[in-house]
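> Residue numbers (UniProt numbering), protein chains in the order written: chain L, 1 to 514; chain S, 1 to 258; chain G, 1 to 122.
Among the hints, erroneous ones may be present.
Incomplete in silico selection of chain S near chain G, CB under 8 Å [unchecked claim]: (1) M81; (2) L82; (3) V159.
Computed list of chain G residues with no C-beta within reach of chain S, every gap over 12 Å [claimed, not checked]: (4) F19; (5) A20; (6) L21; (7) S23; (8) V24; (9) A25; (10) I26; (11) A27; (12) P28; (13) V29; (14) V30; (15) G31; (16) P32; (17) N33; (18) V113.
Since the hints were made in silico from the structure, they are not lab data. Glycine is no exception: its CB is placed at the ideal position from the N, C-alpha and C atoms.
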Amino acid sequence: MTIAQDALQLPHLNYGALAPMLILFGAAAVGVLIEAFVPRRSRYALQLVLGLGALVAALIVVITESGTRELTAGAAIALDGPALFLQGSLAALGIVALLLIAERTLEPGGPFVAAAAVTAGTEEDRTQAAREDAGTEVYPLLLFALGGMMLFVSANDLLTMFVALEVFSLPLYLMCGLARRRRLLSQESAMKYFLLGSFASAFFLFGIAMLYGFSGQISFAGIHSAIQTSTQSTTLLYIGLALVALGLLFKAAAAPFHVWIPDVYQGAPTPITAFMSACTKVAAFGALIRVLYVAFQGTDWDFRPVIGAIAVLTMLVGSILSVTQTDIKRLLAYSSIANAGYILVGVLGLSKDGLSSTLFYLVTYGFTVIAAFGVVTLVRDADGEATHLSRWAGLGRRSPLYAGLFTFLMLAFAGIPLTSGFTGKFAVFAAAIGGGQSWLVVFGVVSSMILAFPYLRVVVMMWLSEPGESTPTVSIPGALTSATLAIGGLATLVLGVVPAPLLDLTNHAAQFIR
Amino acid sequence: MSHSILAAAAGQMGTGEKVFFWIFGPLALIGAIGMVWARNAVHSALFLVLTMLSLGVFYVLQAGPFIGMVQIIVYTGAIMMLFLFVLMLVGRDSSDALIETLRGQRTAAILIGLGFAGLVCTAIARAMGSVSAKGLDAANQANGGNVQGIAALLFTKYVFAFEVTSALLITAAVGAMILAHVERRRENRLSQVDLMKARFAPGNYPGPKPGPGVYATSDSVATPALLPDGTFADRSVSKILPTRELSGAESAPKGTER
Amino acid sequence: MNLGQWVPIVGLVVLGALFALFSVAIAPVVGPNRPNRAKLSAYECGIEPTPEPVGSGRRFPVKFYLTAMLFIVFDIEIIFLYPWAVSFNALGTFGFVEMLLFIATAFVAYAYVWRRGGLDWD
Chain L
1 MTIAQDALQL PHLNYGALAP MLILFGAAAV GVLIEAFVPR RSRYALQLVL GLGALVAALI
61 VVITESGTRE LTAGAAIALD GPALFLQGSL AALGIVALLL IAERTLEPGG PFVAAAAVTA
121 GTEEDRTQAA REDAGTEVYP LLLFALGGMM LFVSANDLLT MFVALEVFSL PLYLMCGLAR
181 RRRLLSQESA MKYFLLGSFA SAFFLFGIAM LYGFSGQISF AGIHSAIQTS TQSTTLLYIG
241 LALVALGLLF KAAAAPFHVW IPDVYQGAPT PITAFMSACT KVAAFGALIR VLYVAFQGTD
301 WDFRPVIGAI AVLTMLVGSI LSVTQTDIKR LLAYSSIANA GYILVGVLGL SKDGLSSTLF
361 YLVTYGFTVI AAFGVVTLVR DADGEATHLS RWAGLGRRSP LYAGLFTFLM LAFAGIPLTS
421 GFTGKFAVFA AAIGGGQSWL VVFGVVSSMI LAFPYLRVVV MMWLSEPGES TPTVSIPGAL
481 TSATLAIGGL ATLVLGVVPA PLLDLTNHAA QFIR
Chain S
1 MSHSILAAAA GQMGTGEKVF FWIFGPLALI GAIGMVWARN AVHSALFLVL TMLSLGVFYV
61 LQAGPFIGMV QIIVYTGAIM MLFLFVLMLV GRDSSDALIE TLRGQRTAAI LIGLGFAGLV
121 CTAIARAMGS VSAKGLDAAN QANGGNVQGI AALLFTKYVF AFEVTSALLI TAAVGAMILA
181 HVERRRENRL SQVDLMKARF APGNYPGPKP GPGVYATSDS VATPALLPDG TFADRSVSKI
241 LPTRELSGAE SAPKGTER
Chain G
1 MNLGQWVPIV GLVVLGALFA LFSVAIAPVV GPNRPNRAKL SAYECGIEPT PEPVGSGRRF
61 PVKFYLTAML FIVFDIEIIF LYPWAVSFNA LGTFGFVEML LFIATAFVAY AYVWRRGGLD
121 WD
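So that you can see chain L by itself, here it is in the shape it has in the complex (with noise of 0.2 Å):
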């Protein structure tokens, strides 16, 4: 017993490997001392400095560390080429969606409010709106996010999963409650995103057990070898991947398990939509290809028809609902909803191409999307944001930079050639074609067809209309907002012409380890 006991040792931690996560976690307790200590007009710019040093420090390391394709603390952790990669994709849109959220000139004191927990509509409610100041914790949270998001898409087994999937998590239903304007609409929305949340993260723990059941491991190793070799009855197993599945498809929006995305991403602070729409999509997606991969591999014949049945079905519904729509942010969640179904698509070709295509298209998404939340932010008046659709007839007339800018995101949603909406479809619609999936193929491009119809109408309305009385203005953005506009464009564009730089570095990155 005391021989056994005295063998203890800590496993070996690759630290440098380690070091994205361990600076935002580190910047992130930090932060929260600044709130502690620091007095209340100086927290804004110790932590925007603060939250953007760890970021750039994070994503310089992954840069440096880019060559590590190693199992450590434990075989815990695996940081191989998908998972540095997106490590290095949600610092990078991370930073982008820092700068939105940062952003406090469009309005005094910025999107989010001082003191949350003041009622709703209340007197004291009505004197801390007029006033200039705004609660600083969202960016600890925010790193607290992030650094549990880069956890997820490269845990190496369930139980590690499941603790990242709870600190990046938590974080987000707090920032989606603390909106400056419509509070009541916010905190609604941070208390479905809660409840149902809290529903797909127990879904998904009832299937780690199934798993664990089935197979006696919890690493996906373990659970590979187990398919390969258990003779025990697979029931157990199937339920296990569904229930997993579940939990994961939850976070990614894939339908039926979608009905959460519009009201959240409309009553969330639009700063806050745009961050989640970019980086949990990243971190969900990274997480499915992992498990759907490492640890699924022997089961494809079984599990690639449901899923992609629920790809198919993500996709309609995604591009259905979206005709329907009014507010131009439940428009953008729709069309979440639709993008989901097409990196679907791209997890579907089950090849090296299906790995590189999902991640490229989760970062040319990420950078239009949180573009055009951005641009969304800019339409305002006196009530804030003004995200009607009608609203936004005559916009190109006002404001001909913002409208063009807006006009071309849509057409890189629409996948129209020489943006990053273009080659990212193509590139996950050859995958699939690839892989065998052809049926996947022909839905996207129906469906891609049908989401055109809302984008066009947007633009067409934007710029075909007269402004009228209730057309907002758009406000100048500050240098931050405009720092994240021009990224977001630019990036659009860039890997829609030359695509084959970030195309070269998914292949590179394209190998999981196990």
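Dock chains S and G against chain L, hints included.
What follows is chains S and G alone, placed relative to chain L:
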């Protein structure tokens, strides 16, 4: 749970284990049924405590003392306390809204829930036929005990997940503060000078208020004092008390003279 | 498994329950008992006793929720301390450092709550 039932059916348990199972099994069941049936939400929560405690005993019986302790310390201790507080926050008397916003939602939810439960239960029941329960004995002996085994895993293989859990704890604390704590702003804090100014401002009566008419007609502080002209002195009754008229029984002698 | 090690705990639980039941049962028997209506009514300055604050439609202040939530956070920290303490010798220095790190990060939460006035009751 299913393991304990299976083990019980297979007759692998010792006598002590059996005795405890048959004591705490019914208790857990009574708690669960009571939780659903209790009219009063607080009673419902207390029944849930009974069930959770019994489950904790089950975990201990099944060679998992660590999870048993966690069940008792975290669930019956902390989580139940939070449950009770939330019940108090919402108000004990408030009941569910009976209006369905989506027509047929409740029926559909019940049907789908039952269907899902049936599906999972039959599947597990079928799968269990080919599974032989291993038990925790081997795992518990590897490191000299159940808790030691947990420690060996927690602090070596899963050390990163363990440390990251602290991020979750920080987030939870920050979230609770954000959602429930209104910080007192410095400019809203009243100094002694401000308080005195407010006290002697015109329109405010600075002296002590008149006492209630406790010994005049009754022994209740809710009885207003009488002014010289016979009218009620409203300010003699604290604002948080409902003013009330005493019934005959209440103002009658209480029988203390015996 | 060997249930023998639990006998003292079971004994303690049984003793505790017996003591509580005994106290409640014995008090009315041995104590003097001369009731009247005034003695039996709860003393609240003559106010009809009402179950405050829940019964009268009022609610608990949300402060209680904050306290409960913070309690849970540190309760969970304690759960991690338990296996660490049991295996302290086997874990050695690295276990000690790991736990220090964990406690330090949990202390960040404490510092935040304390500085923001979450522990004040006013």
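> Say whether it holds or is violated: V30 (chain G) keeps its Cβ farther than 12 Å from all Cβ of chain S.
Non-interface label on V30 (chain G) holds, nearest chain S Cβ at 23 Å vs cutoff 12 Å.
> Report holds if the minimum CB distance from P28 (chain G) to chain S is greater than 12 Å, and violated otherwise.
20 Å, holds
> Classify the hint on L82 (chain S) as holds or violated, based on whether any CB of chain G lies nearer than 8 Å to its CB.
4 Å, holds
> For A27 (chain G), is the shortest CB-to-CB distance to chain S above 12 Å, so the non-interface label stands?
Holds, since 23 Å exceeds 12 Å.
> Can we trust that N33 (chain G) is non-interface, i.e. its beta-carbon lies farther than 12 Å from all of chain S?
Check passes; 14 Å lies beyond 12 Å.
> Going by Cβ atoms, does A25 (chain G) stay more than 12 Å from chain S at every point?
21 Å, holds
> Any CB of chain G closer than 8 Å to the CB of M81 (chain S)?
Nearest chain G Cβ about 5 Å off; hint holds.
> Say whether it holds or is violated: S23 (chain G) keeps its Cβ farther than 12 Å from all Cβ of chain S.
Per Cβ check, S23 (chain G) is outside 12 Å of chain S; nearest 20 Å; holds.
> When the nearest CB of chain G is found for V159 (chain S), is that gap smaller than 8 Å?
6 Å, holds
> Just want to verify: L21 (chain G) was marked as not at the interface with chain S; is every Cβ pair farther apart than 12 Å?
Given a closest Cβ separation of 16 Å, the condition holds.
> Hey, is A20 (chain G) genuinely clear of chain S, shortest beta carbon separation above 12 Å?
15 Å, holds
> Against chain S, does I26 (chain G) keep a CB gap of more than 12 Å to every residue?
Non-interface label on I26 (chain G) holds, nearest chain S Cβ at 25 Å vs cutoff 12 Å.
The structure does not agree with numbered hint 18 stated previously, though it agrees with all others.
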